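Protein chains in written order, with the numbering used here: chain D, 1 to 231; chain F, 1 to 207; chain Y, 1 to 472.
Hints were generated in silico from the structure; no laboratory data involved.
Quick caveat: nothing in here was measured; it's all calculated off a predicted structure.
Glycine included, every Cβ here is placed at the ideal spot set by N, Cα and C.
Watch out, some of these pointers could steer you wrong.
[Claimed, not checked] Here are the computed lysine-lysine pairs in the PhoX-like style, where the Cα-Cα straight-line distance is at most 20 angstroms:
hint, chain 1, residue 1, chain 2, residue 2
1, D, Lys159, F, Lys199
2, D, Lys154, Y, Lys313
3, F, Lys114, F, Lys68
4, F, Lys10, D, Lys127
5, Y, Lys431, Y, Lys368
6, F, Lys9, D, Lys127
7, D, Lys197, Y, Lys79
[Said to hold, decoys possible] Just the calculated beta-carbon pair ranges, DEER-fashion:
hint, chain 1, residue 1, chain 2, residue 2, range
8, D, Ile59, Y, Ile272, 25 to 33 angstroms
9, F, Leu180, Y, Glu62, 55 to 63 angstroms
10, Y, Ile272, D, Ile161, 29 to 37 angstroms
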Amino acid sequence: MVRKSKYENTVLDPRAALMLLFLVTVVVFAQQSLYLELALVAALISLFLYSGLFKNGLILFLGFGFLLALQYYIFPNAPQVFAHFFAILTTYARKVFPCIMVGMLIVKTIPMRYLILAMRKWRFPQKLIIPLSVTLCYFPVIREEIGHIRDAMKLRKVKGIAKAEAIFVPLIFSAANTAEELGAAAVTRGIENPAPKTSVIELRFRLQDYICLVVSLIFVWAAFWLRRGAV
Amino acid sequence: MSTTEVTSKKLKGKDLITIGIFSAIYFAVNFIFMMAAALHPIMWILMPGFIALFTGVPYMILASKVKKAGAVLIMGLISGLIYYATGMFTVVILITFASACLLAEVIRLATKYKSFTGNSISFAVFSVGMIGSPLPMWLFKDSFFKQISEQTGQGGIVSGNYLSILSNLATDGMLIVLILAPIVLGGIGALIARALFKKHFVKAGIV
Amino acid sequence: MITIDNVSFDYNREKNTLKNINLHIRSGECVLICGKSGCGKTTMTRLVNGLIPHFTENGRLEGKVVVAGMDVAKTELYKLSEKIGSVFQNPKSQFFNVNSDAELAFGLENIGATPEYMRERLKATVEELQIEQLEHRSIFTMSGGERQMLAFASIYAMNPDIYVLDEPTANLDEHAIEIFRRQLEELKRRGKTILIAEHRLYFLTDFIDRAVYMENGEIISIYTRDRFIALSDEQRIKMGLRTLRANDFQVNDFPMLSSQNVLTVKNLCCEIKGRPVFDQVNFHVSSGEIVGIKGSNGVGKSTLVRCICGLTKEKNGSVSLDGRPLTQKQRNRECYCVMQDVNHQLFGDSTWNECELSAGGCRETEIKAVLRSFDLLEYIDTHPMALSGGQKQRLAIACGVLSGKKILVFDEPTSGLDYDHMLAVAGMIQKLAKRKHIILVVTHDIEFLNCVCDRTIALTFNELQQKDNGGN
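Using the sequences and the hints given, assemble the complete structure.
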């Protein structure tokens, strides 16, 4: 039954991953060259493969290919209505595609506590970190709660607009109760302790982190350089 | 004999937990409409409005449970950070979102955190923060259109109609719709929250 | 270690919640606080862990509480929390992380312990409490019992001198309680001071040093262990306390009442995400009968109930009423479930409105009659969420009765109830049986099962064994 933590060897340091996300965002909004875009997507897909996320890498590859196909072959040949409907969205989706890729990489490979730790290392205030971790924990609870409430509704006659109210209101009540109880648990576990927070995990930049950041900096430079050439 | 006095202006542990929990509800609703926005560009432009309509309750509850500076700002930052870490936020929305949160905080401070009207106005302002999502359509109009016309050009069909519909969407008129929708619907959202407060939350004693 | 000196407390200027409390607890002592619901047990624990006065708004505190040399009212909560560990009743609302490893380290990280010390403590915690199976897990895949164990372990990791436990077993089954008992014994051996407020007492009698019995916010008497376990059943029941001895599972085995209006579950098999939860479940329940379903956490009790109510689809087999197999929709119409957390099933804005919602065209007189029989008539205008836990539960039951459902299912109706309330729920269920409802009670509360059920079905892993042949 004893499982080894699957995150013992995270591919990227969480700080490197968040910086990567930022740099990629910069590239995405600065670049105007199709080739650079393709190179960026290719680089990110290879990062997926390096992380062992073969299936996700493939899906992203196909997804991007599909977006390109839509824009270059399907829209021009499809009825105009169809194109009007989706043109902006596909353009936008294609534009932010690299950002979503990095986001997906973060969600898939970096556990939440590592991200929180990265924020701590960057001296994010506790007043942001504590609620953020509570928020992330509470998402699955919301799902559980809504499941229970819907069960209860099926066994009662709740119809129409009352349905939305019947889901929302108990959800809020339970949130208010949880806030009370969790708050009590939190303060008795020293959440208000002003001592600098420590962690069992030690974060360390490794070779792959540096490589990632250097490569993405090259992309940033290329994006601006190509742009200047174009003007 | 000692009378306990717990009202402090600073955010305490319990406040932080409350903020975290209601941010989760706020974000969950927000996320639903973010996904719905992928259905049609119009949905995207109206998204900030829809979100405002349906997030009045978590916002108003938070505002009345944590009557201290920073609650709304933290809620906004949390949503922004989650979207950012999942690659779904651009720099533009981070800026609009942060400014809306700050403004909402100022309004709350000015109305001393107690007035329902004050909270409603701060909510409407807060809701405007989401316009940063479709805003690049206007901000980066040129690169947007360039990309689209390149594609259509390469396909061999340069469709004036096609481009005109796009520019029809990214007009000044639509920009006004984009900005007004969250204000108006945010007002309605606050009214819904007020009705539910009366009907349920105050009666049950949780606020 | 703990000195409570002439303390009175009230939450909001109404009546005193606690009156003239004096109690001295020595280092290494284990003290039980018992009494009926609302006697002030929880408030006592809060006095000690500092939630009173620090976490309570508008409360009024007189007297002085000193814990581990610290004046509680004058010490910051985070300082208290280094010496005092608290475990609460609800395993759902004690977590700050989605991952169990992070949760275990949470308290230590808060006080800024060094990574070396943390690793050492975490290792010791896992070994000493024998919780290897909880490592590296997502908390959302854990059962209630496992979550509570983890909550306890994450306090243990902080290595406090004093443990304050507020109804820690309210949501646990026998098996989990047994594990918890062993862990408490371990604490005792290590010389920790323990203050525990509980309804369920049988597992504590071996190692408590004293028992404090409270009534209406006052300490009525303090027993030594010997005197406490010498209480006769008669005295105990008069005090409103639950059993002091581990309950044997005495099988009530009455024959089936009638052959009419029979709920038949035949070869029922359910799967969740492709994994079978149970298989080949067979039993019958006739109208007017109360049948208990017991089994440890995670054995599939709630899936079985959800399937009978038509909330989950069956993989195989059937659920029929009077020999007529029911579809999921029909089961939704025939069944009503009083859920473990009734907060999920109350939607109205007043007790009356709640009843109208479910009655669907019932006459006013009828609603009034039902409300009267459940002692809710005076709360007609009260918001359901402003009712007490027991009242909410009764309201949920009243709604089921008003909606005219034939089959009533109770999911853990006694979690966290004292003896009197347990009896009250039992009485209510028996009253419903007289009205010819078909009643299923899912519970791990053996004391309750023994006092209410005509027959009991024990659900074990992957099969359902019937303790009787009444149905076949």
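Query - Hint check, failures only - result: none
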